[in-house]
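Engineer: Based on these hints, arrange chain B on the given structure of chain A.
Number of protein chains: 2
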Amino acid sequence: MDEVKVIEIKKSIFADNEIDADNLRKELKEKGVYLLNLMSSPGSGKTTTLIQTINRLKDKIRVAVMEADIDSDVDAIKIKEATGIESIQLHTGGMCHLDAEMTRQGLDNLTLQNTDLAILENVGNLVCPAEFDTGSCRNAMILSVPEGHDKPLKYPLMFSICDVVVINKIDVMPYFDFDLEKCTEYIHLRNPKAKVIPICAKTGEGVDVFAQWLLDEVKAWKE
Amino acid sequence: MDEVKVIEIKKSIFADNEIDADNLRKELKEKGVYLLNLMSSPGSGKTTTLIQTINRLKDKIRVAVMEADIDSDVDAIKIKEATGIESIQLHTGGMCHLDAEMTRQGLDNLTLQNTDLAILENVGNLVCPAEFDTGSCRNAMILSVPEGHDKPLKYPLMFSICDVVVINKIDVMPYFDFDLEKCTEYIHLRNPKAKVIPICAKTGEGVDVFAQWLLDEVKAWKE
Numbered sequence: 070m071d072e073v074k075v076i077e078i079k080k081s082i083f084a085d086n087e088i089d090a091d092n093l094r095k096e097l098k099e100k101g102v103y104l105l106n107l108m109s110s111p112g113s114g115k116t117t118t119l120i121q122t123i124n125r126l127k128d129k130i131r132v133a134v135m136e137a138d139i140d141s142d143v144d145a146i147k148i149k150e151a152t153g154i155e156s157i158q159l160h161t162g163g164m165c166h167l168d169a170e171m172t173r174q175g176l177d178n179l180t181l182q183n184t185d186l187a188i189l190e191n192v193g194n195l196v197c198p199a200e201f202d203t204g205s206c207r208n209a210m211i212l213s214v215p216e217g218h219d220k221p222l223k224y225p226l227m228f229s230i231c232d233v234v235v236i237n238k239i240d241v242m243p244y245f246d247f248d249l250e251k252c253t254e255y256i257h258l259r260n261p262k263a264k265v266i267p268i269c270a271k272t273g274e275g276v277d278v279f280a281q282w283l284l285d286e287v288k289a290w291k292e
Numbered sequence: 070m071d072e073v074k075v076i077e078i079k080k081s082i083f084a085d086n087e088i089d090a091d092n093l094r095k096e097l098k099e100k101g102v103y104l105l106n107l108m109s110s111p112g113s114g115k116t117t118t119l120i121q122t123i124n125r126l127k128d129k130i131r132v133a134v135m136e137a138d139i140d141s142d143v144d145a146i147k148i149k150e151a152t153g154i155e156s157i158q159l160h161t162g163g164m165c166h167l168d169a170e171m172t173r174q175g176l177d178n179l180t181l182q183n184t185d186l187a188i189l190e191n192v193g194n195l196v197c198p199a200e201f202d203t204g205s206c207r208n209a210m211i212l213s214v215p216e217g218h219d220k221p222l223k224y225p226l227m228f229s230i231c232d233v234v235v236i237n238k239i240d241v242m243p244y245f246d247f248d249l250e251k252c253t254e255y256i257h258l259r260n261p262k263a264k265v266i267p268i269c270a271k272t273g274e275g276v277d278v279f280a281q282w283l284l285d286e287v288k289a290w291k292e
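Sequence order for the protein chains is A and B.
What the first sequence shows, in our numbering, is residues 70 to 292, in sequence order.
What the second sequence shows, in our numbering, is residues 70 to 292, in sequence order.
In isolation and in its complexed conformation, chain A is listed as follows:
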């Protein structure tokens, strides 16, 4: 099994995360690095979605991934083994989210001069990560079919701050009471501009759409 770099993230010392996040975005713009913040519940398929997406992008742009978890390094290893790209694990030491300074600690451990797209896989949590701007260019989230279509009603902030909502595990739709139309309606109630992309990360269905959106975003950012 591959080994990956594991970074123990320290608590932030900055009082104003908003300012810090804006500063980080400016630095990334200067360096030509696009940062995506990917959020979801535990087990919605963030890592599998990333593997499929990265394998569609890695010949076109240079991608690196930071896997944030309270513990374990299984995700960073999975990404490295399945895609061959630079992948590091961030340990939050019990903390339920990442802010801009914590994200910066991760970025400092990537070789940014070789990176066009850096992806932060945030801690699996629909509540707290939504409250902290990580300094990312865009926020994306995954909602998986087994979680149910009512989640935008229950976790309003998360859905309101995400530019893209990926609906994963559409292959198991027949076994769950999931109404995609209703879900899209609830998402747009929270954020009328949110892009909704149904996919199945396991089979790859729909992933092209997400990959293309990300590619366009990175190109626009680097112009």
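Please keep in mind that the hints were generated in silico from the structure rather than gathered at the bench.
Backbone N, C-alpha and C define an ideal beta-carbon position, used for all residues, glycine too.
Incorrect hints may appear among the rest.
As the list claims (entries may be wrong) - Derived, one-sided and incomplete: chain A residues facing chain B with beta-carbon distance under 8 Å:
1) Ile139
2) Asp140
3) Glu150
4) Gly153
5) Asn194
6) Pro215
7) Glu216
8) Trp290
As the list claims (entries may be wrong) - Restricting the straight-line Cα-Cα distance to at most 16 Å, the calculated cross-link-like pairs of lysine to aspartate or glutamate (EDC-like) are:
9) Lys147(B) / Asp219(A)
10) Lys74(A) / Asp177(A)
11) Lys95(A) / Asp185(A)
12) Lys288(A) / Asp219(A)
13) Lys271(A) / Asp246(B)
14) Lys74(B) / Glu150(B)
15) Lys147(A) / Asp219(B)
16) Lys271(B) / Asp246(A)
17) Lys147(B) / Asp246(A)
18) Lys147(A) / Asp246(B)
Structural biologist: This is chain B only, laid out in the frame that chain A set:
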């Protein structure tokens, strides 16, 4: 559609949650009320599991439910409609967990003199709720099959503080790479004493075991 009482929970003023939680447990013991704190990720099936469990218990003991969510009252209404028992909605106003004082605000709105078992359905979150003792007699959690068997590795605290781990949605096991044996091994790594109960809340399979455990617990508490 039924209407339910909605309580807007206020932030706690108590500095020491541990002491406050112990005090709440003592008060509940005196009143003969057993409090269960039920936790999980969003969409793991807490509400459906509760409906099935309550319908097995409500002729034997008096049950009341507090549904905690950041927003919406769909869960409290669902419980009331499907079981007929007392069900109230707690709004946390963006807060990601409940502590003992916040739980007390909910309990104050239940008719405790008519309650043997009060169930708190905590905010859907595998991280923060684990850090706060709610004053409950026991902690239980639900892990659903689509979330994956590696969750005890990634969310160690949650699994270490739970007395019971209910594995839900076992009916869809054939469609997911979920290894129940490995999952049980990982759970016991975090908490060797944790009881693991596989169920399917949708069909009711296995729910008898969970209901019986809860019934025994309530009886022992009231002795």
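Engineer: Each hint needs a verdict: does it hold in this structure or not?
Structural biologist: The hints, checked one at a time:
1. Ile139: At about 6 Å, which falls below the 8 Å cut-off, the nearest Cβ of chain B leaves the hint on Ile139(A) intact, so it holds.
2. Asp140: Cβ of Asp140(A) sits 5 Å from chain B, so the hint holds.
3. Glu150: For Glu150(A), the interface hint is violated, since the closest Cβ of chain B sits about 15 Å away, which is over 8 Å.
4. Gly153: Status violated, d = 22 Å.
5. Asn194: holds, 5 Å
6. Pro215: holds, 4 Å
7. Glu216: holds, 3 Å
8. Trp290: Violated, about 30 Å.
9. Lys147(B) / Asp219(A): holds, 13 Å
10. Lys74(A) / Asp177(A): holds, 12 Å
11. Lys95(A) / Asp185(A): The hint holds at about 15 Å.
12. Lys288(A) / Asp219(A): Violated. Lys288(A) to Asp219(A) sits at ~34 Å, over the 16 Å cutoff.
13. Lys271(A) / Asp246(B): holds, 11 Å
14. Lys74(B) / Glu150(B): holds, 14 Å
15. Lys147(A) / Asp219(B): holds, 13 Å
16. Lys271(B) / Asp246(A): holds, 11 Å
17. Lys147(B) / Asp246(A): holds, 15 Å
18. Lys147(A) / Asp246(B): holds, 15 Å
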